[in-house]
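Fit chain B to the supplied structure of chain A, relying on the hints for placement.
Order-wise, the sequence lines are chains A and B. So in my numbering, spot 54 of the first sequence is number 54, and the numbers just go up one at a time. So in my numbering, spot 75 of the second sequence is number 75, and the numbers just go up one at a time.
Wrong hints could be hidden among the right ones.
Stated by the list, open to error - If the Cβ cut is set under 10 Å, some of the chain B residues that face chain A in the computed set are:
#1 Val110
#2 Asp113
#3 Val117
#4 Ala118
#5 Val119
#6 Asn160
#7 His163
#8 Pro165
#9 Arg167
Hint data in this document are derived by calculation from the structure and do not stem from the laboratory. Every residue gets a Cβ at the ideal spot worked out from N, C-alpha and C, and that includes glycine.
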Amino acid sequence: MNLKNRLLGSALAAATVLAPSASFASSHREAPFITKNPKVDGTDFYMFNSYEGTTRNGYVTLLANYLPLQDSYGGPNYFTLDPDAIYEVHIDNTGDGVEDITFQFDFDLKLANNNAGVDLPIGGKMINIPLPLAGSLSSPTDADQNMVETYKVGVIRGPRRASAPTLITNLADSSTTLHKPYDNAGSKTIANYGTYAGQFIYEFDMPGCTPTGVQAGTHARVFVGQRREGFAVNLGQIFDLVNFGVSALGVTPTGNQADLTGAADQNKNIVGSKNVTTLALEVPASCLTKDASSPIIAGWTTASVRQARVINPTASFGTPAREGGPYVQISRLGMVLVNEIVIGLKDKDKFNGSEPKNDGQFADYVTNPSLPILVEVVFGATGALAPTTYPRADLVAAFLNGVPSVNVLSSTLFEAVRLNTAVPATSRATQNPLGAATCFDPPASNSVGPTLNLARTGCDPAGFPNGRRPGDDTVDIALRVAMGFLLDQNHAPIRGAPLVDGAYVDARDFMTTFPYLNTPVSGAP
Amino acid sequence: MRTLHTICFVLALAACKSDPPAPSPPPPAPASAIAATAGTPTTVGAPGSQDLAPLAGVATRMHDEASQRPHVKVTAEAVFDALTQRGIVLASTKQVLAATAAASYCALGVTDDNIAVAVCEYASQAAARAGKRLLDTRYAKLVPDAVRVVNGNTLVTVANGAHVPARRDQVLDTFRSL
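Looking at chain A on its own, in the form it has when it is part of the complex:
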């Protein structure tokens, strides 16, 4: 809607004044303030070398999920994004915690007929219909669609508010306006949702970049639309004080409890029946990296809203409120679960409003994490100890700096997903859901750290924490790393425990092609 007028300095100042309790997330409703703003609540961020097939070698896929926990029957308005917000995907290829490339998504929501909507003759009068549709849908420009959601994508080089975005162009029609598919209301509205949504994948060429290392004749792609939730997590038990079943850890669980050291798949993924809205990009790696000799990038997503909102007492469809002022970031998401289970409650909103370059202010939450102590309080009677070494340099490496020999971008500490684009993608069929975490030998001591061993059985260096793919079981990985997987046995007595949350995921659960995340759950199968 409004791809202009971005002043970084005033925006940050406004963030401090107006959003003292904003939030960030790799997460669902993870911070107090973001629960009031579900349309801009970022839930997950994926970044990985595309594994669709040889024609997409050399591409990086970026997926930013927003608007969590959508029930598929949530009509009639379903789940449109905020036309007064901007959604962004940032890439830092120099390692200073400042974005070098930003993809900025700006949405618009309009009624048909120039915002007048569709009228039907009722008893001699033309009456505006109450629903977003007047019939079934089959194409992006279907005449039966009463409410139409479109967007533009701009590319900004350098700090995100320092220059105007250059809009990407749909190669099929040279338009800068792209359409977002209607949500999956049901099979009568949209007979084949997969086919329908596939028409909303647009090809474009990255402004200002001549790609290398990709197959001739291929192009970057973008898609925005509803997808089935891909994040597998036993959310309820995690937030029931990490209640993976206290009777877990070798115990036969009671009721619905998961066994923390039981099978990886205990059918505990309670968010799998929900939908999210995905902003998906697939861009040549060479257009994201600094140069050919610097293949590592860091990525994260943010959403920002206008500083001020005045509710219109005589609301119309186009103007339910007046919004103005600089954009203020209220959602941030990089590495999974950081704001949910690492950042302290009093700082969650602050984290959501923050920028990676200032992450030093949150360092204590990583170096001295609370989650392992909570686990120790619950399981201490068994003799289980949390890691005892502080500061937790292993977590600093995993979450703030990258893993040595894999994806360290610089010595600057900041929270983001880091990806070594030079590591070949692992095919869907052979991916290990425990990702690159499977590639380390136990450390002999903490001063040495874990040793990268690509020959280890099951080693999959193309997975989390080297980027993040939909099929990476990041909850299990994060749980084990938190309890000391990267430390030596003496300082992390239960480092080897195969801790699980009981919600299994792997690459075969997802589509084989871009945008990888599955067709959303239908509102009326």
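Structure of chain B alone, referenced to chain A:
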């Protein structure tokens, strides 16, 4: 939101590196309470219960466990004091959730060489033995090197001591001598 507040409270409890002066052990528990902690899952919320579904109330549960301690010959404080008197330095001690061990009250000490010393108090010796069987079988995968000894109504678990076996044995001998 309430859950998060509870987490903060629990973490605040956990952050106590040294317990405040131990409360005096309460008078012997009534027979009904002893029966309730004899090793089988019991009423939700009662000390010794294994039904921990309402874990959001773990802080409340730990408070209840601390205020309903059974009368035992060897208290957690007595174990930690004895270790200290024998030159074993405890880097930290704190209350931990007893329900995990089907116990009435538990505390965890960690020596300066990182040996875990979990002391759990039960309402009876039979309950303590049942608690040992429970931990030995159900938590074997989590803490495979744990060594457990019952003395009266008290169960001690010593873990992560394989790297200093002499010290580990000293801890166990100290407990047995009480």
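For each hint, the structure was consulted:
{"no.": "1", "hint": "Val110", "result": "holds (6 Å)"}
{"no.": "2", "hint": "Asp113", "result": "holds (9 Å)"}
{"no.": "3", "hint": "Val117", "result": "holds (8 Å)"}
{"no.": "4", "hint": "Ala118", "result": "holds (5 Å)"}
{"no.": "5", "hint": "Val119", "result": "holds (9 Å)"}
{"no.": "6", "hint": "Asn160", "result": "holds (4 Å)"}
{"no.": "7", "hint": "His163", "result": "holds (6 Å)"}
{"no.": "8", "hint": "Pro165", "result": "violated (13 Å)"}
{"no.": "9", "hint": "Arg167", "result": "violated (13 Å)"}
Hints 8, 9, counting from the list given before, are not met by this structure.
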